[in-house]
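Protein chains in written order, with full-length UniProt numbering: chain L, 1 to 486; chain Y, 1 to 486.
Just so you know, the hints here were simulated from the structure itself, not pulled from any lab data.
From a predicted model like this one, the values you see are computed outputs, not experimental measurements.
Just so you know, even glycine gets a beta-carbon here, dropped at the ideal spot from N, CA and C.
Careful, some of the hints might be misleading.
To be verified - Okay, the calculated bits of chain Y under chain L, using three or more residues with CB under 8 Å as the criterion:
id, segment
1, 23-30
2, 75-85
3, 104-118
4, 199-211
5, 312-319
6, 376-382
7, 391-403
Claimed, not checked - Below, a list of computed lysine-lysine pairs in the DSSO-like style, where the Cα atoms sit at most 30 Å apart:
id, chain 1, residue 1, chain 2, residue 2
8, L, 115, Y, 209
9, Y, 346, L, 115
10, L, 35, Y, 388
Residues per chain are reported as follows:
2 protein chains.
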Amino acid sequence: MFTDFKLMDDRPVYIQVKDYMKRLITKGALQANQKLPSTRELGMLLNVSRNTVVAAYADLEEEDLIYVERGKGNFVTPSAVGVTDAEALQVSWQVDWKQHLNELARTAEEEDIMKRGIRSAQGMISFTSIAPDEKLFDMNNFRRAFLDRMSLEGDIVLNYGYAKGYKPLIDYLLRYMENKGVDLAGKDILITNGFTEGLDIVLSSLNKKHGRILCENPTHHTALKNFKLHGFAITGVDIEPDGISLQKLELALSQQAFDLAYLVPSYQNPTGIVMSHEKRIAAARLLARHGVPILEDGFNEELRYSGSHVAPLIACGGGSNSIIYAGSYSKILFPGLRVGWLLADKELIDYLVSVKRARTIHTSTLDQSVLYQYLHNGYFEKYLKRAKAEYKRKYELAVQCCHSFIPCQRLSGDGGLHLFLEFEKEFDTRALLDSCRDKGVIFTPGTIFYTDGGGSNTMRLGFSRVADEDIIKGTKRIGEAVLQMM
Amino acid sequence: MFTDFKLMDDRPVYIQVKDYMKRLITKGALQANQKLPSTRELGMLLNVSRNTVVAAYADLEEEDLIYVERGKGNFVTPSAVGVTDAEALQVSWQVDWKQHLNELARTAEEEDIMKRGIRSAQGMISFTSIAPDEKLFDMNNFRRAFLDRMSLEGDIVLNYGYAKGYKPLIDYLLRYMENKGVDLAGKDILITNGFTEGLDIVLSSLNKKHGRILCENPTHHTALKNFKLHGFAITGVDIEPDGISLQKLELALSQQAFDLAYLVPSYQNPTGIVMSHEKRIAAARLLARHGVPILEDGFNEELRYSGSHVAPLIACGGGSNSIIYAGSYSKILFPGLRVGWLLADKELIDYLVSVKRARTIHTSTLDQSVLYQYLHNGYFEKYLKRAKAEYKRKYELAVQCCHSFIPCQRLSGDGGLHLFLEFEKEFDTRALLDSCRDKGVIFTPGTIFYTDGGGSNTMRLGFSRVADEDIIKGTKRIGEAVLQMM
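Take these sequences, add in the hints, and give me the full structure.
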């Protein structure tokens, strides 16, 4: 005994000794009423100072895990030994959990592409990520924002907050959305744990009168997954170079009724296409006429590299209340901070606040308040300029490389952090992936983004975290593999 | 125009000027192709330096909101004006959102006690909160933990993490739970956005073979609300001074089948009762025999002021897998950080990870990593000692005051941050609350904690955030009101 004690770095040693002894006691390695080594003995056995053991024993006594007999030493408190083998045996029961899980849990597991996704091996060039490049993060300003907020109201920030969100952040975002042309009258904001929770809360709260959602085809995989998890049928409408096909949208609306339309008008995932201003108005008008509310995914809206500002869909309706906007800074700023928001009709938000409270009480106030301070201090503007310059460079390089090396039929992506490639109908990007993986390059085959099982001739190339030379090398190798397959 | 510009503190002025102009443009106060004031003019109008306006105009141009004509000045980009009134009119449509919301959203709103709760007015003594006292937070060590973690791997912490959670925190918690006597073989941990998300994920994933959950009566209101939201019927089993009544538990199990038992064995909310070791074994055995898995709420387990350590339920089953443990540091440490965990069967956790990913991608890595560092550095141990000493003092004072001033039939609460009072059957604590509110004191009437509409003669007194003199004053006034009503 006492030979397997190993010291960790940067953790007080007396706590490590205490934890170690606690483990021996609760594991039954030390018996009830057993005498412990003296502080001097244990110090020598564990190679720590006697004072350290004294402090550890004091804590163990305070926690009633050991007791002291004056002049005799320290002993294990009988109740601290916990559960005996005989007791555990009485309670023992193995559950077959799979039998206790429902459709939702099983579908969530089946549709979890992160579990079935393409794994990147050491040294591989991976185009699968569309997360921001952490090398661009400005840690100094982030630290400053944290320290600023903490010194202003650290104690408040660390205690319970409101389900609706952190007030200064909500006010900031309201102004931010107003500056995008949104009429705020009758609207309000709910802060969520990123875009995904916003989507989930909306889908959880909508009734399934028609049981069907309309979206672009292809579209964001997480959205498709969550539509399925919530039991909605999905109708996908094809995308053209300037956004959703109005003709096909009208056709779909004439054929079926929908509970919701989910649209990603800017730098759409996966196609990277930006819906034109005219199309936004026309699409919103068509959906309004057919009585279909819109959930607008503001995904990557900030990552405009060129061309002019396009007002979000929610700005198109003026004072009307039929559009819900889901925003997030995750894709550009810090995804590790889970902060997104829903901007929508006040009465609707009031219901969603209650759903949010039942789900997660509120979004981390630490995340919200540090993000607020970061935005308020103007650090975001500075960061965005730098990040956009860098991503624009990468974007242009990636476009150029694709044109030069990959013989695809169509390349799309007006900005953002990824490009979308289409090959001839018969071409199979899953087979291409197999071949590329052998060459040390991976990407995301397009099928997971399709609502109709299509897209086997498409792929998404995320370039945000790929070094310049790897963008060149990687696209070259993909191009070679394509040519070999053709 | 330009008269309503107001400067905020601590935000770069050029950004404020830019935002102000952006608003004028997107709001249509400035027309397409309209000439903007010169930088000198606008500087004078807004009372800022000319250089500030130059920087603001440069950004507006970079964002394509204005354009420059050499020698002529700056003009509003037509597309920046956004949506015209005529366009907005086409899209205009008012949705009656209530008609689009389902049962879940409506029930969440109806059962949202935070919306209907007792509001505390200025100067009132409020016993409604059971949140920790933020005056006890040790901001310095929290800051230190943040800075430590940031310097070690800030960039990683701020980018995407894993749905399962932050690895160092998971490893820490596994050891932490092992030290409580839990056999970790075949078990794993999922990090959640506090206890509530853990509960919600479990309830979302369980099939409703019997559609019924068993719990203590009274119990945690959020749990009751979420059982209802997930469509489960509820059977409450009475509590005795040493925990759930085994006789009534056995009776309930013989009468009906259950999908799950939800138990709060330590410092139960609202009664504050600790279930004895023997009862834990006996209750777990009964439930195993009847094939009912357990969700154990580790609520406030750390807030033991006296008496000996009691092993959690999940430690009672040894290597069996039928108990899910939901833990959280929120009630003692920092509720503003939303971090909780589920410890359960590995296979089950693997499914719940996918549900979690579909819900919120992952819990804030910032929260997780700073909490990890705080725990690792041993700050938690130090804080807990100080907090426990303070809460113990308050607890003892509150107990003494209740005994002295409030003529109740039963007072319970073995620790934690609240006490529970029962009066004679006919006594109505809602009427008492009305009377107390007039005297400037509020508390939580017990009915919301009951599964069967009972508890109208009970109340919960949270003392964690009430000053000593207010505990004395408040309980005195409650006692006077009780005597008046009797």
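Exercise. Against which earlier hints does the structure fall short, listed by number upward?
Worked result: 7
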